[in-house]
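Using the sequences and the hints, build the whole thing.
Listed in order, the protein sequences are those of chains A and B. Note that the numbering used here gives residue 350 to position 258 of the first sequence, counting from 1, and the numbers run on in steps of one. Note that the numbering used here gives residue 657 to position 615 of the second sequence, counting from 1, and the numbers run on in steps of one.
Note that these hints are calculated values from the structure, not bench results. A few of these clues could be false.
[To be verified] Restraint ranges, calculated between C-beta atoms of paired labels, are given here:
| # | chain 1 | residue 1 | chain 2 | residue 2 | range |
| --- | --- | --- | --- | --- | --- |
| 1 | A | 130 | B | 587 | 55 to 61 angstroms |
| 2 | B | 608 | A | 204 | 38 to 44 angstroms |
| 3 | B | 659 | A | 262 | 23 to 29 angstroms |
| 4 | B | 501 | A | 148 | 37 to 43 angstroms |
| 5 | A | 196 | B | 213 | 51 to 57 angstroms |
| 6 | A | 204 | B | 109 | 55 to 61 angstroms |
| 7 | B | 496 | A | 203 | 25 to 31 angstroms |
| 8 | A | 242 | B | 393 | 53 to 59 angstroms |
| 9 | B | 124 | A | 242 | 22 to 28 angstroms |
| 10 | A | 129 | B | 462 | 27 to 33 angstroms |
| 11 | B | 213 | A | 129 | 42 to 48 angstroms |
Ideal Cβ positions, reconstructed from N, Cα and C, are used throughout, including at glycine.
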Amino acid sequence: MRFSRLFFCFLALFMTTLTACETLKTSKPIIPIREYERMIVGRLDADYVGTNNCLSACHAHDQLRSDFDASTMGAQLSAETGLPLVDCESCHGPGSLAVQGLTPERVAADRTAGRETACNYDTLIDLENLPAGAKSLICLKCHTANATFTLHDWNLGDHAVSDVACSDCHQVHAGPDLSVQMEDVSRLCFSCHPEIRAEFYLPSRHPVPEKRVVCTDCHSAHGSPYEKSLREATVKETCTRCHAEKGGPFIFEHGETTEDCRTCHRPHGSVQNNLLAVQMPFLCLQCHQGHGTSSTSTTKDRFYTRCSDCHSEIHGTDIPSASGGGFFTQ
Amino acid sequence: MRRILTVLITVTLLCPVAHGVAAAADKPQEMQAVDITRPTEGSVALGYRAIAPGGSEQADEYEYLHDAATFGANAQLLAFPHRFHLDVNVRNSEDTLGQLNYGFRDLLLIDAVHRSLFHNVKNITLEDLDPAALDIRDSGQDYGLQITLDDVAVRFNAPRFPMHLYAQGSRFEKEDDRQLRFLGGSGWFNNATRTSTARRIDWQTQHYGIGINSHLGPIEADLSHWEKRFDVKGNRAFFDSYTFKPPAGPASPARPPGEFPHNGTPEFKGSANTLKVHTNYTGKLVGTATLSKKENKNEASGAEADYFVGAAGLTWMPVTKLSVFLNYRRIARDLDNPDAVIIRDRTIPAITYGNSSVRDSISADIDTYSGTVRYRPFTRLTLKAAYRFEEVTREDTEAWELIPDSTTRRALTLSGDARPAKGLKAKIEYTHKEVDDPATNVEANRLNKAKFSLTWAPMPSIQTLLGYTFSREERNDPVFADTEAADDRDVRWDSVLASGTFLFSEHLALTTSYAYLRHKIEQEIAYTEPAFPFSPQSDAGVPYESEAHNYGVNLHYSPSDWLQFNTGVSHTTSKTDFEPNSPDLLSPISIASLSGVKIKETLYSLSGDYALRKGLRVSVDYEYTDFNDVLNRSNDDVADGISRILWTRLSREW
Chain A
93 MRFSRLFFCF LALFMTTLTA CETLKTSKPI IPIREYERMI VGRLDADYVG TNNCLSACHA
153 HDQLRSDFDA STMGAQLSAE TGLPLVDCES CHGPGSLAVQ GLTPERVAAD RTAGRETACN
213 YDTLIDLENL PAGAKSLICL KCHTANATFT LHDWNLGDHA VSDVACSDCH QVHAGPDLSV
273 QMEDVSRLCF SCHPEIRAEF YLPSRHPVPE KRVVCTDCHS AHGSPYEKSL REATVKETCT
333 RCHAEKGGPF IFEHGETTED CRTCHRPHGS VQNNLLAVQM PFLCLQCHQG HGTSSTSTTK
393 DRFYTRCSDC HSEIHGTDIP SASGGGFFTQ
Chain B
43 MRRILTVLIT VTLLCPVAHG VAAAADKPQE MQAVDITRPT EGSVALGYRA IAPGGSEQAD
103 EYEYLHDAAT FGANAQLLAF PHRFHLDVNV RNSEDTLGQL NYGFRDLLLI DAVHRSLFHN
163 VKNITLEDLD PAALDIRDSG QDYGLQITLD DVAVRFNAPR FPMHLYAQGS RFEKEDDRQL
223 RFLGGSGWFN NATRTSTARR IDWQTQHYGI GINSHLGPIE ADLSHWEKRF DVKGNRAFFD
283 SYTFKPPAGP ASPARPPGEF PHNGTPEFKG SANTLKVHTN YTGKLVGTAT LSKKENKNEA
343 SGAEADYFVG AAGLTWMPVT KLSVFLNYRR IARDLDNPDA VIIRDRTIPA ITYGNSSVRD
403 SISADIDTYS GTVRYRPFTR LTLKAAYRFE EVTREDTEAW ELIPDSTTRR ALTLSGDARP
463 AKGLKAKIEY THKEVDDPAT NVEANRLNKA KFSLTWAPMP SIQTLLGYTF SREERNDPVF
523 ADTEAADDRD VRWDSVLASG TFLFSEHLAL TTSYAYLRHK IEQEIAYTEP AFPFSPQSDA
583 GVPYESEAHN YGVNLHYSPS DWLQFNTGVS HTTSKTDFEP NSPDLLSPIS IASLSGVKIK
643 ETLYSLSGDY ALRKGLRVSV DYEYTDFNDV LNRSNDDVAD GISRILWTRL SREW
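Set out below in structure tokens:
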């Protein structure tokens, strides 16, 4: 019986997958966004002339062409995939009208006269003024066909909802490597999130200005189904990727507070040591009664300096306190 | 789940074979003729970094405080079909960054990143009016942690259609000594001996996973399996001789003297299976779904935590002016901790203490529904309205007095983004949030938050930014274990940002910035008197405030292509304080005097870059940091420090 069920599952999956193979290269959208499609298709009276024709006369963009050839989207892309090679006209649209009348002789004459020979750029797609969604569509058309799973949550992500386009972060003309390099991540994020940059000026902070921790260690720039575009489902899970010793599970848990580290910590920066949201003992006194004290008591410095000097396993522990309870002192 | 995963991977692996057979019957495709010649580009830099620290290491929190030769290299190589990019930056033996990308056609991609840094950690001096209650075992010891982060991702692409097999791994390592402060003596009030000692740390966290993804007709699917390990070397647990702890009520029996463990660091093990499915990204209608099942286990105590995460989203763009985004997320947390724990004396196992009725950890189901509508009436105006509803339903809360069975959160956010004129951009956002039965006193019942920012570039050479964020939170009658506050808790956040960039000429640019951050709380706090431990006293309306100002100026001057200068100053003042009112808390010393912080930190930087012939370049960076602990209290966690760093480099570019 068990074998039959397994065999049935196997057969069903096999048939589904084989059927799916027939449509592999034709991943089609559910109702195309026609208005954007019209924007990114370019002039209908223009023809595609190919990168060689675009560049043969003036050579002003030879470096860009070389960069694209060297990138994974250029000549690296195997023709067998059926995916289009990326060249000038993939994004800028058909270029026949832009280079109409341009000849090597005219370019040479202009150069001799100290002039730059300009293409008729107005006949190309006005990329700069496209809506962010249309701009991103140029990239997404290929990246959905190639099953780019880092974009799984792109459409619902904070960036897409806030009209951020792919080209706002990925400089497609900067070189062959279009991914944002580790050294550049935080600078790029801070250009739109200066309020977060300000928190990294505070005395206690993660080493983000030092470029040893970057924004994308915790947040997914391509969107995520979780709060604040976190890479993990919960704040705790995100923090304990590095601070695993605090992750638990423990026999004695600190109620539910450790499920959201932000109850006590400010992840970007804080005036207080250890990224604490509020300085101890006030941090703990927000929820807990302070230990016994009076106007004649000399134990204030013991009980009201840093609570974690004694409650040193405040994130959870397997060892009970002297009373047998879970007070995180052992 | 594992069985399904195995079957699916096997079947999907057969796809390229099946498809290849089908493709062989078709007319064979011509291989693209490729002729790429691209010279190798790169640079190499050698240098020397001299550091002169003084006082506390807090001026250099993330610096390894030793002079060192430095090395940097960058290389981009295209020897078709191989593509290779390497970036290496070594500041010293403990502070490195390396990034490697390798591609073979579009069939294989490898990304690897290595990072390491040194974190200086302070040895905090414990002080007490009664020195007998202190046990300092680490006087004068320097602490710091060597931290290493490694990430690697390998992706194979099937040659005939878009199917990927991938593997990813990451490793996080912490090593060296840091301070451990704990409660020694009897571990109870009768002999509360605050103790500090060194803790040897050698912790390693590893995540590694494999996955597969491809089109499955109208949808795309990704299936992955992850493993997580937290391994502990160094001190797993400490043992100390504890003195007798007297009985203190039925819930607090006596503990015999003995050598018991404390401050243990257990090892953890976890795994996750994740399925992601989405439709084509480019349609008017896009659907996504993520299902994940995660299991975590404490290898020492057997405590377990299982999580189920389900998320689904739908984007609908009926017309390009109007978009609707809908999300649903469910996180089901199931915690299972042992009912009893017995701790034995290290040498005489018959001496024990423990707990035979450990409180159940809190399991919960969290359902979150959210929707956003985006409307763009004109090209230069975007309006958004977002609503979010979240319900937390908890189990096993009977033994947890302060934690409610359920919490409901509702939030409405309205925002606008306008570009009324060229170079002018304004953003405004308002959020109102209501919470029923907040989980803690820290969570508010009501929140109102407003955010405004204006970016103005009146001319290409001037760019300015002004931003203000204000938030006000109210919590009805905070509750404590034995009392309830009579007054509400009020919280206020303020943040002001201003910056300007001025290009005086193509050679000279000035950037100025100012940031102000304030966090203000006013709430009742509770404490007990020794004679009446279960009759708490209240101190109403205690204000707490944390505040920081940052001023920054940066000047960039490049008189020619071969010479550049950069200089800047950043000054931050920050302080935090609270003011109790009760005489019990003010004499013989105010408890506020034990924890206030006031810091002034100034960073001066100067750098120059001079291009010699044949791609040779000389660079000099100098940084001076003054970390000033204004209050100069000996037992807090801040202290004065100065840092001077001089870094000279000679580099060559190809």
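Hints and how they fare:
1. Checked against the hint of 55 to 61 angstroms, the pair residue 130 of chain A and residue 587 of chain B passes, with Cβ atoms roughly 56 angstroms apart.
2. Distance hint check for residue 608 of chain B and residue 204 of chain A: the Cβ-Cβ separation is about 40 angstroms, which falls inside the suggested range of 38 to 44 angstroms.
3. As the Cβ distance of residue 659 of chain B to residue 262 of chain A is approximately 27 angstroms, the hint placing it in 23 to 29 angstroms holds.
4. Between residue 501 of chain B and residue 148 of chain A, the C-beta spacing of about 38 angstroms keeps the proposed range 37 to 43 angstroms intact.
5. Our hint of 51 to 57 angstroms for residue 196 of chain A and residue 213 of chain B holds, since their Cβ atoms are close to 55 angstroms apart.
6. Taking the beta carbon of each, residue 204 of chain A and residue 109 of chain B are about 56 angstroms apart, inside 55 to 61 angstroms as hinted.
7. Range check, residue 496 of chain B to residue 203 of chain A: about 45 angstroms between beta-carbon atoms, so the 25 to 31 angstroms window is missed.
8. The beta-carbon spacing between residue 242 of chain A and residue 393 of chain B, approximately 56 angstroms, falls within the hinted interval of 53 to 59 angstroms.
9. Distance hint check for residue 124 of chain B and residue 242 of chain A: the Cβ-Cβ separation is about 23 angstroms, which falls inside the suggested range of 22 to 28 angstroms.
10. Taking the beta carbon of each, residue 129 of chain A and residue 462 of chain B are about 30 angstroms apart, inside 27 to 33 angstroms as hinted.
11. For the pair residue 213 of chain B and residue 129 of chain A, the supplied restraint of 42 to 48 angstroms holds, since their beta-carbon distance comes to about 45 angstroms.
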